[in-house]
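K.L.:
So the chains spell out like this:
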Amino acid sequence: MDDPRSWETIYAEHRVELLRYVHRLTRDVHLAEDVVQDAFLRLWRETRTVENPRSWLYRVCTNMVRDHARRTATRERHTPVADDAVSPSPEEDVERAESVRLVRLALERILPRDREALLLRESGFRYAEIADVIDVRCEIVPTLIARALKRFHKAYLQETTDVAP
Amino acid sequence: MSHPSEALLLAFADDELDAERRREVDAHVQVCGLCRHALRDLEQAMSGLTVELALLDTAEPAGWQSLIIPRKARPGRSASVEELPAADVVPRGRASRTSATAHAGRPPRTFVPLRWAAVLLVVVGGGAAAMAVPRWRDAATHLVAPKATVPAARAVATTPVADVAMSSAAVSILPSGGEATVALTSTAGGGDGRVLVEVSDRSDVQVTVTTATSERMTPRFTSADGRLGVQLAGHGSLVRVALPATLRLARITHDGATIVTISGDAINPTAARTSGVILAGMGQPQAKERR
Numbered sequence: 002m003d004d005p006r007s008w009e010t011i012y013a014e015h016r017v018e019l020l021r022y023v024h025r026l027t028r029d030v031h032l033a034e035d036v037v038q039d040a041f042l043r044l045w046r047e048t049r050t051v052e053n054p055r056s057w058l059y060r061v062c063t064n065m066v067r068d069h070a071r072r073t074a075t076r077e078r079h080t081p082v083a084d085d086a087v088s089p090s091p092e093e094d095v096e097r098a099e100s101v102r103l104v105r106l107a108l109e110r111i112l113p114r115d116r117e118a119l120l121l122r123e124s125g126f127r128y129a130e131i132a133d134v135i136d137v138r139c140e141i142v143p144t145l146i147a148r149a150l151k152r153f154h155k156a157y158l159q160e161t162t163d164v165a166p
Numbered sequence: 126m127s128h129p130s131e132a133l134l135l136a137f138a139d140d141e142l143d144a145e146r147r148r149e150v151d152a153h154v155q156v157c158g159l160c161r162h163a164l165r166d167l168e169q170a171m172s173g174l175t176v177e178l179a180l181l182d183t184a185e186p187a188g189w190q191s192l193i194i195p196r197k198a199r200p201g202r203s204a205s206v207e208e209l210p211a212a213d214v215v216p217r218g219r220a221s222r223t224s225a226t227a228h229a230g231r232p233p234r235t236f237v238p239l240r241w242a243a244v245l246l247v248v249v250g251g252g253a254a255a256m257a258v259p260r261w262r263d264a265a266t267h268l269v270a271p272k273a274t275v276p277a278a279r280a281v282a283t284t285p286v287a288d289v290a291m292s293s294a295a296v297s298i299l300p301s302g303g304e305a306t307v308a309l310t311s312t313a314g315g316g317d318g319r320v321l322v323e324v325s326d327r328s329d330v331q332v333t334v335t336t337a338t339s340e341r342m343t344p345r346f347t348s349a350d351g352r353l354g355v356q357l358a359g360h361g362s363l364v365r366v367a368l369p370a371t372l373r374l375a376r377i378t379h380d381g382a383t384i385v386t387i388s389g390d391a392i393n394p395t396a397a398r399t400s401g402v403i404l405a406g407m408g409q410p411q412a413k414e415r416r
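For the record, the sequence lines run as chains C and H. If you count the first sequence from 1, position 17 lands on 18 in the working numbering, and the numbers rise without skipping. If you count the second sequence from 1, position 226 lands on 351 in the working numbering, and the numbers rise without skipping.
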């Protein structure tokens, strides 16, 4: 790479948001670490041809998450995925941990592509950028997001109702 | 216009419509209580989603946020540089080896598995490579035992220094052993120089300098947050940088010119030729095989 400093700047500016995005998609801290690291490694090699590194990184991460989901689909049908990183040992954390669990369950009810669009919007992307990242026509992006939003809140409400005493 | 779809209302709320379409939706919402209510619900749902998704972030590892390298945020940090004493100096008349270890950067990440360890060898200054051979061999012969400042599992230096330096000038990656070694050959014209190691994570980074012995050539170490510098005197010094496995981002420069950058599992020698260092046999950066 010609300019390591600029690469470092990209790394510094986008690493955490990418980790957050992948973590929200996968609820797996370690997978998020691996995916984001791989994405930066690829950027390292391809940066001369990358015009918009942020979108490029998100696209690479999204594709890697999709690939991982395909690879593990069969296994996960038989093996429930354990929630990561939530260890509500202090009493005051129990409620928060339960809320986190409900949000995760609600997110899982959304179709993968809709979920990507929703989370990319939350990351501040415009519709055209979202379309570019997840490889859909720009015109359908608001439809995906609106559908994802509806499913999310329906599922969240349902989960909340199910656990209510 | 007829009632806009939910997607159209969302695009309106997100300011994603062109001016004409926006005016249409705006005019409709002004007169249609149903759509005004739907728009408000949509906006509240999006706001609620932001809050709910933020809950997920509370389950993130605490170290994520702190891994950002605030290079731009702290432009004046060089003012806080402190000088470190040379840690162990062999008596005059032998090759000397001095080293320093510094914590550099951010808090440790406890959840990252040990992936690799890297040892970089940077030969700085000196005359032609052929002339430097005896010096390197001599220096390696007289190396004193390294200081136990870095856990052995993290600072891997199993290959004899002189052999590595002379066997190849190319980058070699040894994924099976979890090590990566980079050897750089010296060029003519080098002299006093400064090697700077910058890292992103809080880690013990050990820099060892081997020179022909003389008081005049004793290197000086400096340390600041995220940086460990070596001011070399004279030429023919061998600078060895041992980096821990958990390090995510590092850069080594010589007199301001980048010679090696490291990211995660990849070590990337830079093509730049500096006054006293040349990296030969460069190719594409090589990612290490995962263990």
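No lab work stands behind these hints: they were computed from the structure. Heads up, some of the hints might be wrong.
Claimed, not checked - Computed, partial: chain H to chain C, Cβ under 10 Å: (1) E149; (2) A170; (3) E177; (4) D182.
For each residue, glycine too, the CB sits at the ideal point set by N, CA and C.
K.L.:
Work down the list of hints and note, for each, if the structure agrees.
P.N.:
Outcome of the hint check:
For E149 of chain H, the shortest C-beta to C-beta distance to chain C is roughly 15 Å, which exceeds 10 Å, and the interface hint is violated. The beta carbon of A170 of chain H is positioned within 10 Å of a beta carbon in chain C (closest approach about 5 Å), and the interface hint is therefore held. Look at E177 of chain H: its Cβ gets to within about 5 Å of chain C, closer than 10 Å, so that hint holds up. Residue-level restraint check for D182 of chain H holds (minimum Cβ-Cβ distance to chain C is 6 Å; threshold 10 Å).
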